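These protein sequences, in sequence, are chains C and D.
Using our numbering, the letters of the first sequence map in sequence onto residues 22 to 182.
Using our numbering, the letters of the second sequence map in sequence onto residues 67 to 366.
The set of hints was computed from the structure by calculation and includes no laboratory data.
Among the hints, erroneous ones may be present.
[What the hints assert, rightly or not] Quick list of in silico lysine-lysine cross-link-like pairs, DSS-like style, CA-CA up to 27 Å:
| # | chain 1 | residue 1 | chain 2 | residue 2 |
| --- | --- | --- | --- | --- |
| 1 | D | Lys120 | C | Lys182 |
| 2 | C | Lys143 | D | Lys90 |
| 3 | D | Lys120 | C | Lys171 |
| 4 | C | Lys167 | D | Lys160 |
| 5 | D | Lys120 | C | Lys167 |
| 6 | D | Lys90 | C | Lys142 |
| 7 | C | Lys31 | D | Lys120 |
| 8 | D | Lys90 | C | Lys141 |
| 9 | D | Lys69 | C | Lys158 |
| 10 | C | Lys174 | D | Lys174 |
| 11 | C | Lys31 | D | Lys160 |
| 12 | C | Lys31 | D | Lys227 |
| 13 | C | Lys158 | D | Lys90 |
| 14 | D | Lys160 | C | Lys174 |
| 15 | D | Lys181 | C | Lys174 |
| 16 | D | Lys120 | C | Lys25 |
| 17 | C | Lys171 | D | Lys181 |
| 18 | D | Lys181 | C | Lys167 |
| 19 | D | Lys174 | C | Lys171 |
| 20 | D | Lys174 | C | Lys167 |
| 21 | D | Lys181 | C | Lys158 |
Given the structure is predicted, the values throughout are model-derived calculations rather than measurements.
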Amino acid sequence: MSEKLVDMLKTAGFDVLSCMQCGTCTGSCPSGRHTGFNTRRVLRDARKNKAEVLSDDDLWLCTTCYTCQERCPRGIPITDAILELRRLAVREGFILPEHRKVSEMVMECGHAVPLDEETKKKREELGLEPIPETVQKYPEALEELKTLLKCCKFDQLVAEK
Amino acid sequence: MTKLSLFLGCIVPNRYPGIEKATKLCFQRLGVDVSDLPGASCCPAPGIFKSFDKATWLALASRNIVLSERLGRDILTVCNGCYGSLADANMELKRDPEMRASTNNCLKGIGMEFKGTIEVRHIIEFLYKEFGPERLKDYIARPLDLKVALHYGCHMIKPSKVRNLGETECPIFFDELVEATGAKSLDYTDKMMCCGAGGGVRSGNVAVSLEMLEHKLACIRRAGVDCIVNACPFCHLQFDRGQLAVNERFGTDYSIPVLHYSQLLGLALGFSPDELGIEQNAVQNIEFLAKVYEISAGLR
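Excised from the complex, chain C in its bound form (with noise of 0.2 Å):
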């Protein structure tokens, strides 16, 4: 990564040098008072363009409740900032394998969570039919999806590296 990180998250919108390292946001996160996730040393971190930001798994403890961006004092959007610096790690090759689980799931069959018997069994119960219309139902609209992943090139983005 030859790009500093605080200019790739200012590319984006994102301007993390006006953050006054208040610590509002560590203090108002719900995962930061189960876990060792600090918010404002993760903006901090950034704009000191260490690297280590994207590769600590702790980047993915952030449920995206966006308490921290709403009340921020200086109205940095926090959490779509913390969104970036995800985006950025997995270009460097970091997902946890489960979500990597998740993902292959969605192309190959269009859904993060995939229909099971037990749900087909429960529609029935409910007067619906077992298989409901959406991607499940129609191969050709999974076709479609699946040209859609790979002009992204998706595939290669959540490929092992």
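Mind docking chain D on chain C? Use the hints.
Frame of chain C, contents of chain D only:
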């Protein structure tokens, strides 16, 4: 009134079909024209796709939007995640010509074009704006004698700058819709806190996700409610299936029933618990089921 297409997403049709059924029954009763949206896929899940790659997120979301553009219908979502993903993509593609051009370039490969002709709606936002609690009361056949812990969930109201549903620390519009059914929405500690499922945390860091959930459940139990009400199947899944996982992990004995708002409203409109899939939850609370059957039969 606006014509809608029902966007199912993943968890509703594939885990909690009761929410699909309840939504259809409610909207039929309210006289709103809601069609299916054949061929729709995952929204795609914001926690993963928005965290991974913007172009892919927009491509998949725009395909779902175009399916509804072709029907000339606004999209109705019953999930905060689907709403966040589709409404954000719709907004970004409408306002950013560059992004729209590159997404359309991709869509061309499947003979589609994003035109920006429809809106993405959320069931709660729709009911509040198009009906409102007062008008909704006219439809109530069985006022609900229930005490409820309401969970708004994050992405229905945040980021507030683009959602435009008012302030996010102490909103009341959803509570008003709950109380329109006759139920009482009780206050509880950390009511506005996240359920712990979003952002890829439930899939990627299940231990953390369950710790956050356990905190919410403890707060809700202290409030002494009959059930939890939500408007997001991912929160619903976290509260329902997650509750059993919390019990296993922490040795607790939570047994708090969980209803999606469509199911709560369905009961009040006079549909029976089995039509609404309320018994299909993982949490099986016999006392609660007896109570809702009594309400449904007009016995209380």
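Holds or violated: are the alpha carbons of Lys174/D and Lys167/C at most 27 Å from each other? holds (14 Å)
Is it true that the CA of Lys174/D sits at most 27 Å from the CA of Lys171/C? holds (13 Å)
Tell me if the straight-line CA distance from Lys120/D to Lys182/C falls inside 27 Å. holds (20 Å)
For the pair we were handed, Lys90/D and Lys141/C, check the Cα-Cα distance against 27 Å. Holds, because 18 Å separates the two Cα atoms, which is no more than 27 Å.
Check the hint pairing Lys158/C with Lys90/D against an upper bound of 27 Å on the C-alpha distance. holds (19 Å)
Run the distance test for Lys31/C versus Lys120/D: straight-line Cα separation, threshold 27 Å. Answer holds: Lys31/C to Lys120/D is near 16 Å, not above 27 Å.
Quickly compare the C-alpha distance for Lys181/D and Lys174/C to 27 Å and report which way the hint goes. holds (24 Å)
Do the alpha carbons of Lys120/D and Lys171/C lie within 27 Å of each other, as the hint requires? holds (14 Å)
Would you mind confirming whether the straight-line C-alpha gap from Lys160/D to Lys174/C stays at or under 27 Å? Distance of about 24 Å is within 27 Å: holds.
Quick one, are Lys120/D and Lys25/C close enough, alpha carbons at most 27 Å? OK: Lys120/D and Lys25/C at ~20 Å, within 27 Å.
Take the C-alpha atoms of Lys167/C and Lys160/D, compute the straight-line distance between them, and say whether it is at most 27 Å. With Cα atoms ~24 Å apart, Lys167/C and Lys160/D stay inside 27 Å; holds.
Under the criterion that the straight-line Cα-Cα distance not exceed 27 Å, is the pair Lys31/C, Lys160/D satisfied? This hinted pair holds, its Cα atoms lying about 23 Å apart.
Checked against the numbered hints listed earlier, the structure breaks none of them; every hint is satisfied.
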